[in-house]
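Sequence order for the protein chains is L and A. Per the numbering used here, residue 1 is the first one in the first sequence, and the count goes up by one each step. Per the numbering used here, residue 1 is the first one in the second sequence, and the count goes up by one each step.
Simulated from the structure, these hints should not be mistaken for laboratory data. Glycine included, C-beta positions come from ideal geometry on N, C-alpha and C. Among the hints, erroneous ones may be present.
[Unchecked claim] Per the computed footprint, the stretches of chain L lying under chain A, defined by three or more beta-carbons under 8 Å from a beta-carbon of chain A, are: (1) 32–44; (2) 52–63; (3) 66–76; (4) 115–129; (5) 150–160; (6) 164–172; (7) 192–206.
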Amino acid sequence: MVSSGVTHELDSTPEHASTAADAALLARLRTGEDAAYDELVATTGGRLLAVARRMLGDEQDAQDAVQEAYLSAFKALERFDGRSALGTWLHRIAVNACLMRLRYRRRHPARPVEDLLPQFLEDGHQRVSSKPWRPGPAGGIQADELHELIRRKIEELPDQYREVVMLRDLVGLDTEGAAEVLGVSISAVKTRLQRARQALRALLDPYFTNDGE
Amino acid sequence: MTMTNHSYITCKQLIDFILEYVEGTLAEPQRAEFERHLKVCPSCVAYLEGYKRTIELGRAALNARIPATDASAEGMAPAGLIEAVRAARLRAK
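Let's have the full structure, built from the sequences with the hints guiding it.
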């Protein structure tokens with residue numbers, strides 16, 4: 001069974017069940033049959049829209065990203081090698097289209113990740129001791145405000161770190177799936193995820209320790 | 001991680017492997033050394049708990065924004081999308 005790299009509940013289609021149907025649809029698509037293109041969009045568009053809405057948080061952006069994804073996929077149909085299901089391949093193209101939109105519309109400037117990583121003395125101790133976090137943030141902010149704060153902090157991460165957090169924690173891809181979408185090695189995904197989480201912890205630390213008061 | 005029988009790993013070594021530890025993929029004996037360090041280092045205990053909370057909070061924040069309409073959207077695509085993609089494809093020909 002080919003791994004789709006997707007662990008999220010959205011990807012519930014059994015790979016083996018889709019392969020024969022995919023091959024038949026692919027053959028029709030490659031002949032330029034209009035009905036085949038409509039059928040592809042009809043059967044996969046709901047899922048792609050759901051992913052785009054989650055990633056972009058804006059209905060128009062999501063629709064535009066999904067349209068772009070389909071147009072990119074149509075141009076690449078001749079190169080599709082069938083190693084994954086059509087739906088999985090489209091999912092990856094759509095996720096990439098959303099990541100490109102997020103890069104383009106970055107609302108908050110990125111902070112250099114090196115400024116946010118833990119620092120150590122020569123003997124390996126932390127330069128500044130970590131403090132325990134309170135159960136909730138300072139100021140008693142509401143859940144919606146907290147979520148908005150955290151999303152803003154995620155947006156402060158440089159693109160390559162923000163993207164791996166989104167792919168893992170929002171889209172639900174595993175390390176292998178994220179590596180395929182980003183076109184990097186599994187090792188690179190792990191390094192980026194490690195740094196992203198450390199950096200995000202540093203950004204949130206003032207809100208959960210006495211330093212935030 | 002380089003380990004000896006008599007010395008603890010450093011805070012840097014622990015934090016370098018924190019992702020694997022939290023994901024449950026840190027093999028023995030590294031895992032044992034990791035937990036041995038936690039027993040003597042309150043700073044790393046605090047760092048680890050904050051790291052785990054960061055993951056939970058990040059997931060909750062990112063997923064809090066999912067539109068309520070998505071339950072139906074995972075089925076067939078809306079007719080408007082099919083038409084829009086068809087029109088865009090024909091324009092691009």
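A quick look at each hint next to the structure:
1. 32–44: Coverage by chain A holds here, the residue count being 7 at a Cβ distance below 8 Å.
2. 52–63: holds (count 5)
3. 66–76: holds (count 5)
4. 115–129: holds (count 7)
5. 150–160: As far as the stretch 150–160 of chain L goes, the hint holds, because 3 residues have Cβ atoms under 8 Å from chain A.
6. 164–172: Since three or more residues must qualify, the claim that chain A covers the stretch 164–172 of chain L holds, with 4 doing so at under 8 Å.
7. 192–206: Coverage by chain A holds for the stretch 192–206 of chain L (8 residues, Cβ < 8 Å).
Of the hints listed earlier, there is not a single one the structure fails to meet.
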